[in-house]
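Asks: Sequence:
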Amino acid sequence: MTDAPADARPDPLRLVDIRDTPLDVTEVVDALGDDGAGGLTLFIGQVRDHDGGKGVTALDYSAHPTALERLEEVCRRVAAEHDVRGVAAVHRVGELRIGDLAVVVATTAAHRGDAFAASRALIDTLKAEVPIWKHQVFDDQSEEWVGTP
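The opening position of the sequence shown corresponds to residue 95 in the working numbering, with each subsequent residue numbered one higher.
Some hints here could point you the wrong way.
Said to hold, decoys possible - Cβ pair distances, simulated, as ranges:
no.: 1; residue 1: Glu167; residue 2: Asp143; range: 28 to 34 Å
no.: 2; residue 1: Asp218; residue 2: Pro159; range: 41 to 47 Å
no.: 3; residue 1: His229; residue 2: Gly127; range: 18 to 24 Å
no.: 4; residue 1: Phe210; residue 2: Glu237; range: 18 to 24 Å
no.: 5; residue 1: Thr115; residue 2: Ala204; range: 15 to 21 Å
To be verified - With a straight-line cut-off of 16 Å between C-alpha atoms, the simulated EDC-like cross-links for lysine to aspartate or glutamate are:
no.: 6; residue 1: Lys148; residue 2: Asp233
no.: 7; residue 1: Lys148; residue 2: Glu223
no.: 8; residue 1: Lys228; residue 2: Asp177
no.: 9; residue 1: Lys148; residue 2: Asp208
no.: 10; residue 1: Lys221; residue 2: Glu237
Quick caveat, the hints were computed from the structure, so don't treat them as lab data.
Glycine included, C-beta positions come from ideal geometry on N, C-alpha and C.
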C-alpha cells in the first residue's frame with residue numbers, strides 16, 4: 095500500500111444524497127468544512143407558492159432508481175471542471191409543502207469566483223441531467239410534470 099502524496103487533496107465529494115426527509119442547510123455547510131477554503135457558495139431551492147402564473151397547492155418529487163448515481167456523476171464532473179475543494183448536493187423526494195427545501199447544493203474553493211462558478215454549474219447540471227421529476231398540482235386543479243423525459 096502506498097501513501098498518497100502530502101499535497102494530495104481528499105475526495106471533493108463531501109455529501110451527495112437523495113432523501114425523503116427534510117433537508118438541513120447546516121449539514122451541508124458542515125460537510126464542507128475546510129480550512130483551505132476561502133469561499134463557500136450555497137444554493138437553496140425551495141417550494142414556491144406559484145408557477146407559470148398559477149397557484150401551487152401540492153408538489154412532490156420522484157426520482158429514477160439511477161438518480162443518486164447520476165447525481166454523484168454530476169458532482170464529480172463539476173469538481174473536475176472547476177478548482178474546488180469540496181462539493182455537496184442533496185435533493186428531496188416525496189411530498190413537499192410550500193417553503194420546504196427541495197435541493198441544497200454548495201461548493202468550496204480557495205477563491206470565491208471558483209466557488210460561485212462551480213455552484214452555478216452544479217445546480218444547472220443537476221436540473222438538466224439528474225432524473226428527478228416534479229409533479230405540481232395547481233389551484234385550478236390542473237397538474238404538471240416537470241423534468242420528465
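Asks: The structure should be examined with respect to each hint, and the outcome stated for every one.
Replies: Tested hints:
Take Glu167 and Asp143: their Cβ atoms lie about 33 Å apart, and the range 28 to 34 Å holds. In this structure, Asp218 and Pro159 break the distance hint of 41 to 47 Å, their C-beta atoms being roughly 23 Å apart. As the Cβ distance of His229 to Gly127 is approximately 35 Å, the hint placing it in 18 to 24 Å is violated. Taking 18 to 24 Å as the suggested C-beta distance range, the pair Phe210 and Glu237 does not conform, at roughly 36 Å.
The given range of 15 to 21 Å is broken by Thr115 and Ala204, whose C-beta atoms sit roughly 33 Å from each other. Restraint check for Lys148 and Asp233: satisfied, since their Cα atoms lie roughly 7 Å apart, inside the 16 Å limit. Restraint check: the Cα-Cα separation between Lys148 and Glu223 comes to about 26 Å, which exceeds 16 Å; the hinted pair is violated. With a C-alpha separation of about 31 Å, the suggested pairing of Lys228 with Asp177 is violated against the 16 Å cut-off.
A distance of roughly 37 Å separates the Cα atoms of Lys148 and Asp208; the hinted pair therefore is violated under the 16 Å criterion. Among the hinted pairs, Lys221 with Glu237 is inconsistent with the structure: their alpha-carbon atoms are about 20 Å apart, more than 16 Å.
In terms of the numbered hints stated before, the structure departs from hints 2, 3, 4, 5, 7, 8, 9 and 10, listed from lowest to highest.
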